[in-house]
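**Q** Here are the chains, one letter per residue:
2 protein chains.
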Amino acid sequence: MTLIRTHTCGELNRDNTGETAILNGWVDTRRDLGGVIFIDLRDRYGKTQVVFSPQDDKQAHQLADQLRSEYVIGVEGKVKERDPENVNPNMSTGQIELRVTSLQIYSKADTPPFEIVDDVKTNEDLRLKHRYLDLRRPVMQRNMLLRSAIYRQTRDYFHKHDFAEVETPFLMRSTPEGARDYLVPSRVNPGKFYALPQSPQTYKQILMVSGMDRYFQIVKCFRDEDLRADRQPEFTQIDVEMSFVDEEGIYSMGEGLMQSILSGVMGADVEAPFPRMTYEEAMKTYGTDKPDTRFDMKFVDFSEIVRFSEFRVFSKTVAEGGAVIGFVVPGKGDLGRGVLDRLTKRTRDEIGAGGLIYIKNNEEEVYSSVSKFVSDEMTADMVSHSGADKGDLILILAGPTKTVYKQLGDLRLMIAEEYDMIDTSRYRLLWVTDFPLLEYDEEDGRYYAMHHPFTSPHQDDMDKLESDPSKVRARAYDLVMNGSEIGGGSIRIHNSEVQSRMFKALGIGPEEAQQKFGFLLDAFRYGAPPHGGIALGLDRVAMLLAGAKSLREVIAFPKNQRAVSLMDNCPDVVDEGQLEELHIRLAPGTGDR
Amino acid sequence: MTLIRTHTCGELNRDNTGETAILNGWVDTRRDLGGVIFIDLRDRYGKTQVVFSPQDDKQAHQLADQLRSEYVIGVEGKVKERDPENVNPNMSTGQIELRVTSLQIYSKADTPPFEIVDDVKTNEDLRLKHRYLDLRRPVMQRNMLLRSAIYRQTRDYFHKHDFAEVETPFLMRSTPEGARDYLVPSRVNPGKFYALPQSPQTYKQILMVSGMDRYFQIVKCFRDEDLRADRQPEFTQIDVEMSFVDEEGIYSMGEGLMQSILSGVMGADVEAPFPRMTYEEAMKTYGTDKPDTRFDMKFVDFSEIVRFSEFRVFSKTVAEGGAVIGFVVPGKGDLGRGVLDRLTKRTRDEIGAGGLIYIKNNEEEVYSSVSKFVSDEMTADMVSHSGADKGDLILILAGPTKTVYKQLGDLRLMIAEEYDMIDTSRYRLLWVTDFPLLEYDEEDGRYYAMHHPFTSPHQDDMDKLESDPSKVRARAYDLVMNGSEIGGGSIRIHNSEVQSRMFKALGIGPEEAQQKFGFLLDAFRYGAPPHGGIALGLDRVAMLLAGAKSLREVIAFPKNQRAVSLMDNCPDVVDEGQLEELHIRLAPGTGDR
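Protein chains in written order, with my numbering: chain A, 1 to 593; chain B, 1 to 593.
With the rest of the complex left out, here is chain A (with noise of 0.2 Å):
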């Protein structure tokens, strides 16, 4: 290899006319003209047109014409202006050219199987089978560096607040409390199994029993849960703790880091506080415990004012318990009967809500869906208590509180992309909290922790927490930014008695306690400083950031969702020898082996 690069192909512009340069990459595209060959050479940096002509090197243009798309080469010149009308500018190198004097061949290319561009006419399964190739597009190189441009705010962030960054290990203990871990069979220690962790949560919690007072990672986790579109077995978080906070000092951290991100990765400015919500509200008014808070729609509860209605799906579901709730959409009063329709039946099957009432509040009109069974006045009541202006369009579900919340949060999801009404170029974040510390599980007859058994039960709710743990408020909050959640954290138990009741009131027996954690409620009896922490899901954040539609377009080597990398086909089977090595063998009628 003899023409190492002078400059990259992002590199060369009119200040370096008349230079000598030797530029690497990859052929993107030729053309002929005249019996000169010009080459658009890529590299990650930029493109640079390189020619070839007999007139400046009869050798390197006959060598240039075996060269095809993706074929690697090195080439040297002289970087010449282009003429006036030649100047592309498009390209950071649009005003020059590097007339060929040597090239060298480092390596040919078979036709990709699909082309390196952008915009790629293929499907996801032949891009990921040649991950290599699709890597090289454009959008795919720019995805990766804004992962990479996140990594290193964030790390600067934490460095710079005196964070210490401490590896936690791989090969773990097995605590199958919340999702499947990945199992790791142990040679020397035969029988015995490692767990890939779930998140490095029981050690960060040890770092600040260790004095270790600050500590943050950007680490993989692992969870063997059946995949959703937006899963994958292995994810990366970023993981803090800090020691003597309360909520307040995690807030201004994760607003600093989320700053700190948007501006230095984005260019984007936020300010900080972030609004705060708390669990409760959050559902109330926008029925998800993520709201997107870049558009507003917030709901609008009739149950008072139609529970004596003659109309039973209004006061059956209210006199059930059930809710009446509706919002506004602004300005789209004047919605067709045949828009409508189509919406009602969209709701229906995509949201699963079956009656959409409507009520157009228009100047000549106020029009109900629902007009034959509820009093004009009531209809009335009802535009005023919404608060709709004329030309306002009340969207309205009827059922049990629960389900109608998650309905009407989806449906008004569905409206704001229907009329794009989402401002995408803000970023909306904000702390949703007070979330409720337990969850009744009806199938196992017990109760889970919501966010994990180490968040700390408010300290007013404390006596809750053997009469009524379902009241009991978690001092546990998330980071929620465009409606998606980004992050969820928790002030955590520091005492070992409180540590107890809570296992406890999730069922778990002093024994199981102590055979699972038993190390963690050993740490705390040495003195375990009050501390909290946080977790941020990377993928997600750069996914948002990048504004993909999923975590595989920012992940350099996803799983499909079969959990099967399709680049190197696995996983796959293995030797009988290595399983031996391992003490185990496969189940009896496992697999083709």
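Just so you know, the hints here were simulated from the structure itself, not pulled from any lab data.
The structure displayed is predicted, hence computed values, not measured ones.
Just so you know, even glycine gets a beta-carbon here, dropped at the ideal spot from N, CA and C.
Each hint should be verified, as a subset may be incorrect.
Stated by the list, open to error - List of simulated lysine-lysine pairs, BS3-like, C-alpha gap at most 27 Å:
no.	chain 1	residue 1	chain 2	residue 2
1	A	Lys345	A	Lys406
2	A	Lys549	A	Lys121
3	A	Lys284	A	Lys316
4	A	Lys464	B	Lys108
5	B	Lys504	A	Lys129
6	A	Lys58	A	Lys80
7	A	Lys471	A	Lys402
8	A	Lys220	B	Lys160
9	A	Lys160	A	Lys220
10	A	Lys129	B	Lys220
11	B	Lys129	A	Lys504
12	A	Lys471	A	Lys284
13	A	Lys220	B	Lys220
14	A	Lys58	A	Lys108
15	B	Lys284	B	Lys345
16	B	Lys464	A	Lys108
17	B	Lys549	B	Lys129
18	A	Lys220	B	Lys129
19	A	Lys372	A	Lys290
20	B	Lys220	A	Lys160
21	A	Lys406	A	Lys549
22	A	Lys464	A	Lys390
23	A	Lys504	B	Lys108
24	A	Lys108	B	Lys504
25	A	Lys160	B	Lys129
26	B	Lys406	B	Lys471
Unchecked claim - Which chain A residues stay away from chain B? Per the calculated CB distances, all over 10 Å, these:
no.	residue
27	Thr122
28	Val188
29	Gly267
30	Lys372
31	Ser470
32	Lys471
33	Asn482
34	Ala528
35	Leu544
36	Ala548
Put chain B on the given structure of chain A with help from the hints.
**A** Frame of chain A; chain B shown alone:
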């Protein structure tokens, strides 16, 4: 929790006199003096003397009586300058104390099983079991912060130089070539397994094929090997790969990185470029491929001089193709018989070399330990050839060449340590280059890649790949610091034909190669750039900079030599149901279930 700190325990000084401050931390020591309680309060940042006197606050003073070592507390009080006779110049806060007006006890603490001091007197198992206490010791806090500083400097360096930080998968394909893989059974794909990465080698090469140009990552790697004192099942690597570079590009990057780490973390300057030495030269001069060049004592080969000696140990060794080599120990010609006898014994017991021969080149006499068998003339020739000055000692071993290099290399280190010849304040780095490409394994009757199967052969030796494989030099290099290998890498093969020849030389057939590494060979068919890289052992670097004796001193939660974490007792048995879901079972008779 009400007393949130206004300052850390390392922060207050005379400038704060008269201010009200709140501190949080651990009770380090307690002294009672004339009814007044003096506490040294400790956190990660330092210690502050905190004073409870009935004059300042009766209630706080009373409560303070409960305080014991390692209690976690919050105190509010006034900063007061100490009387001149009580100033402690060894503490950054030694000029002041905090006179407490309010005390809150956050956590009590049992008596720790060992003292929280640097010079801890306990066995390592107990330290590992109570790692949360062990990590409170100032030396461990310093080690963790030093490690954190290494991360920071490393990433700063790479980001500044346009490297993209990319995460590679932890759940990858098992390619058992080299060390043993850790396997992870797949639940969704019965009978199939992932492997944890031994290194992201194939992925980083794929990233080069994908045009990422410059990649780095600080990443955990896994090897299921029998654990020696300085190995851990999971370890941390600074992983780097670059496109369009030759060795020079890697060297200057590596030099910049180490300069930046050493100056940023240790305040130490090292000059670049680092010296370079071929593998062959290193072996001949120091008997090792990782020479400690902080001291001299280069090898001298006496074989030619003693070839025809009457002393059979010399002549027979040389006749059989072995070597008689030694080195000069400056100024040690005055060692007495007793000392030299002990040295001979240690050489036998610790290094395994039977017959240490020595010559004392003193003014009054040249004394040879084998003067009975070797003529004075030949001894004089040897002294002259060795370049020894008067007053020097010459140590000599004879034996099969490889063995005697190794033994003499070990002896050289033993002597340097014994006589304190190592300047531990200096960092001496060098590149060892031109490693052999292949090593023949007598037992398996095949060649193995000395670095890994993706390492490029030297262009000049390419034709020996089939005819004389053991003579092929690799484009591989190690980075050595103070006699430890801290990194290694190579220029890679970027051509599928050469890669196939390499696999063939390794006895890996086309089918096996396709099955194991097919995706990489495929990738090479679509335009691979020339590329190369390096991986540095971060744990090792941290250990050297911390001046620690074991990797466990610079890893927060290490495993012991049975790959067990004593703190959380892992690995451990798991539920039968977990195994069932993973379609595996234990081999009959395994474990204590």
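**Q** Identify every previously stated hint that the structure contradicts and give their numbers, smallest first.
**A** 19, 22, 25, 28, 34
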